[in-house]
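**Q** Please take these sequences and the hints and turn them into a complete structure.
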Amino acid sequence: DQQVKQNSPSLSVQEGRISILNCDYTNSMFDYFLWYKKYPAEGPTFLISISSIKDKNEDGRFTVFLNKSAKHLSLHIVPSQPGDSAVYFCAAKRDGGTSYGKLTFGQGTILTVHP
Amino acid sequence: KAGVTQTPRYLIKTRGQQVTLSCSPISGHRSVSWYQQTPGQGLQFLFEYFSETQRNKGNFPGRFSGRQFSNSRSEMNVSTLELGDSALYLCASSLDSPRGSGNTIYFGEGSWLTVV
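Chains A and B supply the protein sequences, listed in that same order.
Note that the numbering used here has the first sequence beginning at 1, numbered continuously upward.
Note that the numbering used here has the second sequence beginning at 1001, numbered continuously upward.
Treat the hints loosely; a few may be bogus.
Computed list of lysine-lysine pairs in DSSO-like fashion (alpha-carbon distance at most 27 angstroms, straight line) [said to hold, decoys possible]:
1. A:K5 / B:K1057
2. A:K71 / B:K1057
3. B:K1013 / B:K1057
4. B:K1057 / A:K37
5. A:K54 / A:K71
6. B:K1057 / A:K38
7. A:K38 / B:K1013
From chain A, some residues computed to sit far from chain B (all C-beta separations above 12 angstroms) [said to hold, decoys possible]:
8. S12
9. Q14
10. E15
11. I20
12. S51
13. E58
14. R61
15. T63
16. H76
17. P79
18. P82
19. D84
Here are some of the chain B residues that sit facing chain A, going by a computed Cβ distance under 7 angstroms [what the hints assert, rightly or not]:
20. S1033
21. E1048
22. N1103
23. T1104
24. W1112
Think of the hints as simulated: they come from the structure by calculation, not from any bench.
For every residue, glycine included, the Cβ atom is placed at its ideal position computed from N, Cα and C.
**A** If you want it as structure tokens, here you go:
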């Protein structure tokens, strides 16, 4: 049962344009969402997060949007840079309760930014 | 501020052996969790420790175990290694505050285990 899904295995974008990575979830108990960037054989690097009480969170070039009714979130990267090329993972958890350290991950999306 | 530190970074073991991986969380972080990444299964939660107690557990066999020490450092152990245990094992830590950004989970670089 894939509770967090990233339906696009890969995305190719030109440098300077916008990258939009999508994520869907099915578990309505999830109320805190995180995006990570990852290179092979390395640990995920935290990018940005959003709580379900918000619908948008910005940090520099990264913006995450949450549509709670559709159980959908997206990560926007503007402008995209070649250094952004990596695998991006969406993750979800319960905010509070007893599941502090338990993340459920999507399958990841490979982003390639072409110069 | 130092990040999550994992040792060793790379190791090769033989089927049937056991392995212990170590993790030092970010200073002040009391929650430590472990994940396994494989090409076929992606990133999967193994277990989480808080105050030396296992608080959550994923769907892994009993061969996978862990513990946390009073200084929040953690170890995980895999006994009777199988070829399918070859994976990147990731440790993560968080502040474990009830709400909001204290919930952000930070990962170490991982320990790459190859079972031959």
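**Q** So which of the earlier hints does this model not fit?
**A** 12
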